[in-house]
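Enquirer: What follows is each chain in one-letter form.
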Amino acid sequence: MSMIEAIRDAHDVMMARDENVVVFGEDAGYFGGVFRCTEGLQQKYGKHRAFDAPISESGIVGAAIGMATYGLRPCVEIQFADYVYPAYDQIVSEAARIRHRSNGEFTCPMVVRMPVGGGIFGGQTHSQSVEAIFTHVVGLKVVMPSNPRDAKGLLIASIEDPDPVIFLEPKRIYNGPFDGHHERPVVPWSKHEDGQVKTGYYKTELGKAAIAREGREVTILTYGTMVHVALAAAEETGVDAEIIDLRTLLPLDQEAIEASVNKTGRCIVVHEATRTSGFGAELCALVQRHCFYALEAPIIRVTGYDTPYPHVNEWDYFPSPERVGEAMKQILEA
Amino acid sequence: MTKEKSKKPVASGHEKSSPQKLSLHVPEPKTRPGDKPDFSYVRISPVGETPRPALDVSAIEIRDLAFGMVRVLDDQGEAQGPWAVELEEDVLRKGLRAMMRTRAFDKRMQRAQRQGKTSFYMQATGEEAISVAQQMVLRKGDMSFPTYRQQGLLFAQDFPILEMMNQIYSNEKDALRGRQLPVLYSFKKAGHFTISGNLATQYIQAVGWAMGSAIKGDDKIACGWIGDGSTAENDFHSALVFAGVYRAPVILNITNNQWAISSFQGIAGGEATVFAARGVGYGVPALRVDGNDFLAVYAVSEWAAERARRNLGPTLIEWITYRAAAHSTSDDPSKYRPKDDWEHWPLGDPIERLKQHMIKRGMWSDEQHVQAEAEYDEEMRVAAEEAESYGTLQALEHRPSPAEMFENVFEEMPPHLRRQRQEMGV
Ligand SMILES: Cc1ncc(C[n+]2csc(CCOP(=O)(O)OP(=O)(O)O)c2C)c(N)n1
Ligand SMILES: [Mg+2]
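So the sequences go chain by chain: W and E.
If you use the numbering used here, the first sequence corresponds to residues 614 to 947, in order.
If you use the numbering used here, the second sequence corresponds to residues 63 to 488, in order.
It is worth saying that the hints were derived from the structure and are not from the lab.
Keep in mind that the hints are not guaranteed to be accurate.
[As the list claims (entries may be wrong)] With a Cα cut of at most 30 Å, we get these calculated BS3-like pairs of lysine-lysine:
| # | chain 1 | residue 1 | chain 2 | residue 2 |
| --- | --- | --- | --- | --- |
| 1 | E | Lys92 | W | Lys660 |
| 2 | E | Lys202 | W | Lys657 |
| 3 | W | Lys657 | E | Lys98 |
| 4 | W | Lys660 | E | Lys397 |
| 5 | W | Lys660 | E | Lys83 |
| 6 | W | Lys816 | W | Lys657 |
| 7 | E | Lys235 | W | Lys660 |
| 8 | E | Lys250 | E | Lys202 |
| 9 | W | Lys804 | E | Lys83 |
| 10 | E | Lys397 | E | Lys98 |
| 11 | W | Lys821 | W | Lys660 |
Everything numeric in this text was worked out from a predicted model, so none of it was measured.
All chains, full assembly: derive it from the sequences and hints.
Expert: Shown next, in the form of C-alpha cells:
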C-alpha cells in the first residue's frame with residue numbers, strides 16, 4: 614500500500630467505525646483531494662460526511678472546531694502546508710486552548726492533515742516544512758509519519774485523540790521511500806516492508822518513537838522523509854548509526870531519545886525545515902540537558918538552509934544523504 | 063436571465079416548528095463526467111440591455127448591475143447597447159493579436175512542460191480577453207496584482223516573451239534567479255506585481271497600494287485579481303472592506319471561470335448568488351460582465367479605471383468566463399467535469415468572437431487569421447528555442463548558482479546566512 618492508500622484506508626476505517634468522523638477540504642470531496650488521500654470517501658459515506666470546502670483555510674479549520682465542539686470528529690485537509698497560515702489564528706488561539714480556557718467544558722478533538730516538505734520542484738509554496746510553528750504552540754499534538762504502516766496507525770490514533778492533532782504528511786514519500794537520490798527512480802511502497810499495511814483497525818500510539826535502524830556509533834534524531842535519507846547515509850558511509858524515527862514530535866518520546874544517545878554518545882539531528890528556531894533546536898536542548906555526560910562530541914544539525922525554499926536549486930537545498938553522511942563522519946572524528 | 067422558480071413559502075415564521083431532522087446542504091454541479099454539458103445555471107442577460115451608469119454612482123444605485131450582465135457583442139458579431147463604444151481599428155487589432163499570442167505562448171509552454179523542460183505550467187485558454195482588454199486601458203505606473211492566470215496583461219503590452227520563458231525555464235537568464243515556480247512572474251517595469259503562490263493575499267495588497275497612491279496625492283491606480291474559488295478567502299473580504307471604507311482607487315477583478323481546480327463555483331458561494339453581489343454589501347459598486355466579450359471587457363474596464371482616476375473609488379467586476387483548459391499541468395479535468403464542456407459554453411471563445419466582429423467591420427479575414435496563427439506559433443517556437451539554449455529543467459548545469467539562494471533574503475546578508483552559504487560550499 615502506498616502512503617496515500619494507507620491514509621485513505623485510515624479515513625475509511627474510522628468513518629465506518631464512528632459516524633462522527635467527517636472529512637472535508639479543498640477538492641477533498643468529489644475528486645478526493647489533489648493527492649487523492651480522500652478518494653472514494655464521498656461516494657461511500659455520502660456528501661454530508663465527505664465534502665468539498667471553499668478555498669478558505671481559516672474557514673475550514675474554524676468550521677472544524679465548531680463541529681468538534683458540537684461533538685463530531687472532523688479530520689480536515691489543508692491542500693498544502695504552505696497554505697495553512699490563514700488558519701493559524703484558528704489553530705493557535707482557538708483549537709489549542711479551548712479545553713484549557715473552558716476548564717474542560719469544551720474540547721476540540723480534530724485532526725488537521727496537510728502535505729509537507731520538498732523534493733517535488735514545488736518552489737516556495739509547495740515545499741515548506743511547518744512542524745516547528747506548531748510544536749511551539751501549547752495545546753497541539755504534532756505527528757509526522759515516515760511510512761504507510763505508521764501513517765495509517767498514527768492517523769487512526771489522531772482521529773481518536775481527544776485533542777487537536779496536526780498531522781503532517783511528507784508528500785515526497787507518498788508513493789515510495791525517497792532517500793534523497795533524485796537521479797534514481799523511487800521504489801514503490803508495495804515493494805517495501807513498511808508498505809505492508811494491515812487491513813482494518815489498528816492504532817500506532819502517539820508519543821512513541823520507532824527505531825528505524827539500530828546502531829552503536831551515533832544517534833540520528835529525525836522524522837518524515839529524512840528517515841530514509843539518513844538510512845541511505847548510514848548505508849553509504851558504513852557508519853553504524855542508530856536512526857530514531859520520532860513519528861510524534863509532540864508529545865515527544867524523550868525516553869527513546871535518551872536511551873539511544875546515552876548508548877551511542879553522539880547525536881545528529883536531521884530535518885528538512887529551515888534551521889533557526891527549528892524543531893532541531895528543541896531536540897538539541899533536550900539532549901544537552903539529559904545526555905550531557907554521555908556526549909563525546911557536540912551535537913550536529915543537518916537541516917534546510919534559512920532561505921525561502923528554492924525552485925531550481927532544490928537539490929542544493931534539500932538535505933542529501935551526502936550531507937548527512939558528512940556529518941556522521943565529522944562527529945565520529947570529533 | 064433564468065427565471066427563479068416561484069416557491070411557496072414554507073412557513074411565515076410565526077408558527078413554531080415541530081422538531082424535525084436537519085440535514086446538510088452541499089452544492090453539487092449540474093454535470094459530471096459523462097453527462098451532457100448544461101449551463102442553464104449561468105444567468106445571462108440579453109446583449110445591449112444593461113445600462114451604462116454615471117461614473118459617480120453608489121453601490122446601492124446600481125445593485126441590479128451586480129446581478130445582470132454587461133454584454134456588447136451579439137451572436138452576429140455586432141456591437142450593441144450603451145456599452146458599445148466604437149473602438150479604433152488599431153485597438154481591436156492590438157487586442158486580437160495579444161489574445162492570439164497569449165494562446166500560442168500557452169500552447170508552446172504547455173508542450174515544454176510535457177517534454178520535461180519545466181516543472182509546471184498554467185494556461186489561460188478561454189479567458190484571454192479579460193486581462194488583455196483590461197491592460198489596454200491602464201497607464202504606465204499603474205500596478206496590477208495578478209494571479210497566475212493573467213499572462214494576457216503582459217501580452218497586451220508586448221512584453222518580451224523571452225523574459226517570460228526564461229522564468230519558466232528557471233535558466234541562467236531568469237530574472238528571478240530560479241527562485242519562483244514557473245509563471246509566478248515579477249515584472250515591475252510592466253506594472254506587474256510579484257505573483258504569490260498563496261491565493262487571495264494580493265487582493266488586499268492591491269487596495270493598500272491604491273491607498274498609498276491616494277495618500278501621496280499621486281494619479282496611479284491599482285488592479286486586484288482573484289479567481290471565483292479564492293473569493294472565499296478572508297483576504298478577499300478584507301480587500302472589499304478597505305476599498306469601500308477608504309474609497310481606494312482600485313479595480314477589483316473576479317475572474318469567474320466556473321472552476322477552482324475540481325470544485326465548481328457553487329462551492330465558493332456561487333450557487334445562491336453571484337460573486338459581483340458581494341460588492342453591494344460592502345458598498346463597492348459592482349458589475350457582472352461577459353468576460354469573453356472583448357468589447358464589454360474593454361468598456362467596463364475603462365469605466366472602472368475612470369472612476370478610480372477621478373477619485374470616485376473602487377469598482378468590483380465579476381468577469382464571467384470558462385476555464386477551457388486544465389487547472390494546471392498537474393490536473394486532469396476529465397475526472398470531475400464533462401470532457402466537452404467548453405464546446406457548449408454559452409459565451410463562446412473570446413478570440414473567435416472578436417475575430418467575427420472584426421471581419422464584420424471589414425478589418426480582418428479568415429485568411430489573415432490563419433496566417434497570424436501560424437506566425438505566432440512560429441514566433442513562440444523560435445523564442446522557446448532561444449530560451450532553451452540558456453537552460454531548462456533538463457539542463458540544470460545552466461541554472462542560477464545555488465549561492466544566489468542566500469541573496470535578497472535581506473538587503474544585507476546577516477552573518478548566519480553567510481556561514482550557511484559557506485557551509486554549502488558555493
Ligand atoms: C491559500 C491557498 N490555498 C490553496 C491553494 C491551492 N490552489 C491553487 S489554485 C487553487 C484554485 C483556485 O481557483 P480560482 O480562485 O477559481 O482560480 P482559477 O484557478 O480558476 O483561475 C487552489 C485551491 C493556494 N495556492 N493558496
Ligand atoms: Mg476559477
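Enquirer: Does each hint fit the structure? Answer for all of them.
Expert: Here is what the structure says about each hint:
Proposed proximity of E/Lys92 and W/Lys660 is supported: the alpha carbons are some 15 Å apart, at most 30 Å. Using a Cα cut-off of 30 Å, the hinted pair E/Lys202 and W/Lys657 is violated, with the two alpha carbons roughly 55 Å apart. The straight-line distance between the Cα atoms of W/Lys657 and E/Lys98 is roughly 25 Å, inside the 30 Å bound, and the hint therefore holds. At most 30 Å may separate the alpha-carbon atoms for a hinted pair to count; W/Lys660 and E/Lys397 meet this at roughly 17 Å.
A threshold of 30 Å between alpha carbons decides the hint, and for W/Lys660 with E/Lys83 the separation of about 17 Å falls inside it, so the pair holds. Distance hint between W/Lys816 and W/Lys657 is fulfilled; the C-alpha atoms sit about 23 Å from each other, no more than 30 Å. With a C-alpha separation of about 49 Å, the suggested pair E/Lys235 and W/Lys660 falls outside the 30 Å cut-off, and the hint is violated. Proposed proximity of E/Lys250 and E/Lys202 is supported: the alpha carbons are some 11 Å apart, at most 30 Å.
This hinted pair does not check out: W/Lys804 and E/Lys83 have alpha carbons roughly 49 Å apart, beyond 30 Å. Distance restraint check for E/Lys397 and E/Lys98: the Cα-Cα separation of roughly 15 Å lies within the 30 Å cut-off, and the hinted pair is therefore satisfied. For the proposed pair W/Lys821 and W/Lys660, the alpha carbon gap of about 35 Å is over 30 Å, so the pair is violated.
Violated hints, in rising order: 2, 7, 9 and 11; the structure is consistent with all others.
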